[in-house]
Structure formats: C-alpha cells, structure tokens
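Given next are the chains, with one letter for each unit.
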Amino acid sequence: MVRNCSACGTQRASVKRPKTGAAVCKECFYQQFETEIHDTITSHSLFNRGDRVAIGASGGKDSTVLAYVLSLLNKRHDYGLDLFLLSVDEGITGYRDDSLEAVHKNKVEYDLPLLVVDYRTLYGWTMDEIVSVIGKKSNCTFCGVFRRQALDRGAVQLKADKVATGHNADDMAETVLLNFLRGDFPRLSRCVDAVTGRDSALPRVKPFKYTYEKEIVMYAYFKKLHYFATECIYSPNAYRGYARQFLKDLEAVRPSAILDVIRSAEQLTFPPPGSKDTAMPVQKTCERCGYITSQRLCKACVLTDSLNNGTAADVNRKSRPGRVKNQSEAQVGHAVKAKE
Amino acid sequence: MTLAASRLPSHPALSPRLPHLPNLAQRQTNMTSSKTIVLEFGGGLEALFSDAKSLSVTPPADIQSLGKLITWVRDHLITARHDMFVSGDALRPGVLVLVNDVDWELEDTVNYRFAGGDRIAFISTLHGG
Ligand SMILES: [Zn+2]
Ligand SMILES: [Zn+2]
Chain A
1 MVRNCSACGT
11 QRASVKRPKT
21 GAAVCKECFY
31 QQFETEIHDT
41 ITSHSLFNRG
51 DRVAIGASGG
61 KDSTVLAYVL
71 SLLNKRHDYG
81 LDLFLLSVDE
91 GITGYRDDSL
101 EAVHKNKVEY
111 DLPLLVVDYR
121 TLYGWTMDEI
131 VSVIGKKSNC
141 TFCGVFRRQA
151 LDRGAVQLKA
161 DKVATGHNAD
171 DMAETVLLNF
181 LRGDFPRLSR
191 CVDAVTGRDS
201 ALPRVKPFKY
211 TYEKEIVMYA
221 YFKKLHYFAT
231 ECIYSPNAYR
241 GYARQFLKDL
251 EAVRPSAILD
261 VIRSAEQLTF
271 PPPGSKDTAM
281 PVQKTCERCG
291 YITSQRLCKA
301 CVLTDSLNNG
311 TAADVNRKSR
321 PGRVKNQSEA
331 QVGHAVKAKE
Chain B
1 MTLAASRLPS
11 HPALSPRLPH
21 LPNLAQRQTN
31 MTSSKTIVLE
41 FGGGLEALFS
51 DAKSLSVTPP
61 ADIQSLGKLI
71 TWVRDHLITA
81 RHDMFVSGDA
91 LRPGVLVLVN
101 DVDWELEDTV
111 NYRFAGGDRI
121 AFISTLHGG
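Line order of the protein sequences matches chains A and B.
Reminder that position 139 of the first sequence reads as 139 in the UniProt record's numbering, one-by-one numbering, no gaps.
Reminder that position 87 of the second sequence reads as 87 in the UniProt record's numbering, one-by-one numbering, no gaps.
Keep in mind the hints are simulated off the structure, nothing from the lab.
Check before you lean on any hint, since a few could be wrong.
Label pairs and their computed distance ranges (CB to CB) [said to hold, decoys possible]:
1. A/T269 to B/D101: 18 to 28 Å
2. B/S50 to A/G290: 44 to 54 Å
3. A/Y242 to B/S65: 27 to 37 Å
4. B/T109 to A/D305: 52 to 62 Å
5. A/T35 to B/S65: 48 to 58 Å
6. B/D108 to A/E101: 37 to 47 Å
7. A/T121 to B/S34: 51 to 61 Å
8. A/S264 to B/D101: 46 to 56 Å
9. A/E27 to B/I78: 55 to 65 Å
Heads up, the beta-carbon is just placed ideally off N, CA and C, and yes, glycines get one too.
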C-alpha cells in the first residue's frame, strides 16, 4: 500500500507524524519539522539577535540534531546568533570518550566552535574516581549537580548569553510525570517552560520542547546525522525508566498523549494566583566559588568537600529515601533529565 | 501488497532476479519460499547484534510478516538484552521501524509482508541524547 504525501500530494509518504497522524514525504517532513522548531523559537522568544548561544552537546541524538537544526535555522531565518558547542567531560572511561568523539565530528561537520569542560579540572574528581569512592548508588546525585554547574561555567567561559539544550517533548512529558509522582508542585508548574534557569547562572532554552523524540530520530536517520547512543554505564536510572516506558506505551495507543501531558502542565501556575510567593528561596552566591545558590555554599562545593574529607559515602547514604528531598534535589528530586 | 519489483531498483544487487518474477500470480506462489532481506540496527540496538549495523538474513519460509520477523529476530539473532528490543512478542515501544525508508506505521506495522530485498531498519529512541 503506497501512500502519497498529504502535504505535496506527489511524493511517497515516508513518515507518519505522531502529532497529527499525517503521512508526509521526506522533504515535507524536513520542512514541517524545521518550521515547527522555528515557530517554537519565535513564539517563545528564545533568542535575541546577537545572542551567543552555547548548545549543550553530548554527542547523543537530541543535541546532534539540535546543533544541526539551529545552524540551519540561524542561516535560513537570519537569527544573527553566534552558536557554540559546549560539552561536559565527566571522566567516564568508555562512555564519554566515545560520545565526545561524536561531538568533535559535529564540530567539524557543522563548523561550530567547541568547548569541552571537564570534572577533573573543575572539581578535582572524575566520575570514575567518584564512583570508586561512593559506589554506583546515588552517584547520579554528584553527576547531576556537577554537570549543571559545569555547563554554566563553560557557558560563562564562552561569554554565552544562553544555553540551548536538546530536551524534547518526550523528555518534557516524562519530567511532568515524575514531578507529579513526587508531588513536587512548584517544579511541576515550571518544568515545561521553554526558558528555565532560575537556579542556573544563565537562561536555558529548549527549542525542542514540542518536538517528538520519534521525529528527532527519524530526522537524524534520513539526514544521516551521526550520533552516539549508549546508556551511561553508571546510571540505570530505573525510576525514570518506568515513567519513560509508561509514556511510550501511552504514545503507542494515542500519539498525542505526549503533547497533551505538556499542555496540561502548562496550565498550572505556582504559587496559585493571588497567593504570596513564599516557596521560592532567595538566591545568593556561593561564598567559595560564587555560583548561584540558596545556601551559604553551593551544592557542588558541598559535594566536593564531602569527597575531599572522606564523608562522601555518608552523603550518599543520607541521600537515600527520606532525605532525598533536601539533600540532593538536583538530581534525585530535580526531575530534569541529565542532559547537556 | 506492493510488487517487489517496485522496490528493487534501489537494490541493484538483486536486480538480476527481476526477470524471474514474471507476474503477480507467480509471485504469490513464490511467497512460500524464503526471502533474503537486509536488517539495519541503530540508536544503540547494534549492541544487541554483536555491534552489527546491518545484517543480510534469510528467515525460514513461514516467516513472512514483520510481526513474525520480530519474534524470529528475538529468538535467533539477539545475543543479549532482549528486553531492549521486545517486550514479550511485541516490539518494545520506542523502537522505530522503517521499511525501505518508510515508517512501518504507514505499512500496516506487524502485518506488513516483506519481499526479498527489503531493507528493514530497527532504531531505538530509548538511549540518552
Ligand atoms: Zn511531500
Ligand atoms: Zn560553590
């Protein structure tokens, strides 16, 4: 059964679009995919002319396609952006080595400057070393805090105005579900924002917030964009995995479910209109490193201290259930996918 | 059902077979014989197939639909981590399938009856990005 494209009517359809169910040919798919991202960028005012934008680049599918599409749209629509690739090297042998190789290829193929910041230089510890001290449980706590700050520090080095990340619609919906399951209402209401960053040094923008993972992968496949696909060897991340699987099952029954979840969360506001904004902590700067924090020391400095004075294993133990919320929100509680 | 001949031009290696498919009726009877197809793996699924990005395979003659092909691949080709590919007899949600570069959702998914020379890609979307 050969179907023709519902947009041009002449070419053979290659993609069934999950948002609409429309069957489109490759060329029309590219055009619609790119146009929708352009629409997200303009309707949410993600960029200003002259912005220096650091693209968080992991070598994975989302950031690879993001780098490609942002370069393309920047030229096509004359955004006037200076684009950079920014990668974080956590120091995970056999995982980050390979993915950084993919980023180096992007740098050449898309002709974008690349900066790699690494945990050893910033914190004195690689993830391999951290895991050798604290074990594999809860090491994501360290990695999440360190990565977030590393991205910010790299972006500052690049004199960037913004960090663009490859979070896609599936990631957003998954985060909504996780915040819902945790009862984290403040985060539930802002995790779908296209611009976030109240706890980072720079705004984070998400041009793919309405872009389906399926289409990102299809786009990369047809365009032969090469990316690196492997799970982090230290992070099975089971809890997030369940939410992911649940969403994929939902999507199989009703493809619009992913957007529906995002749209639902967009309707929430916190604090409720008319009430006092008491829940948001006052932001200060870390006494030691100057990073944005609500405490005396930032989380990265607290965690680095615990590694240096040998109490990291205790931090690890305390951050298990019961203490999770206060101790290590940044990744156990902080339901933002660990992604550059 | 699409004629195999309409797909063959993109697979020059198989074109010599073309003259032996005289008409549709003949092809219907040929459907009981086994067919050689190319499987592609991406998005991390390569790891389940000893890092092979593509394999040329000839499933037994009774394997004709994509649904049956999936269980056959599970039982005969995968060396580890079956759960990344299937859940039970079904393809794991989040694994994309393309038949000759066409989304299998436009090809009746598991009911699609493959033809010799078909190129079937399985791509996982589940790995981090
Ligand atoms: Zn078209
Ligand atoms: Zn600090």
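Q: Please name the hints from earlier in the document that this structure breaks, with their numbers sorted from lowest to highest.
A: 1, 5, 8, 9
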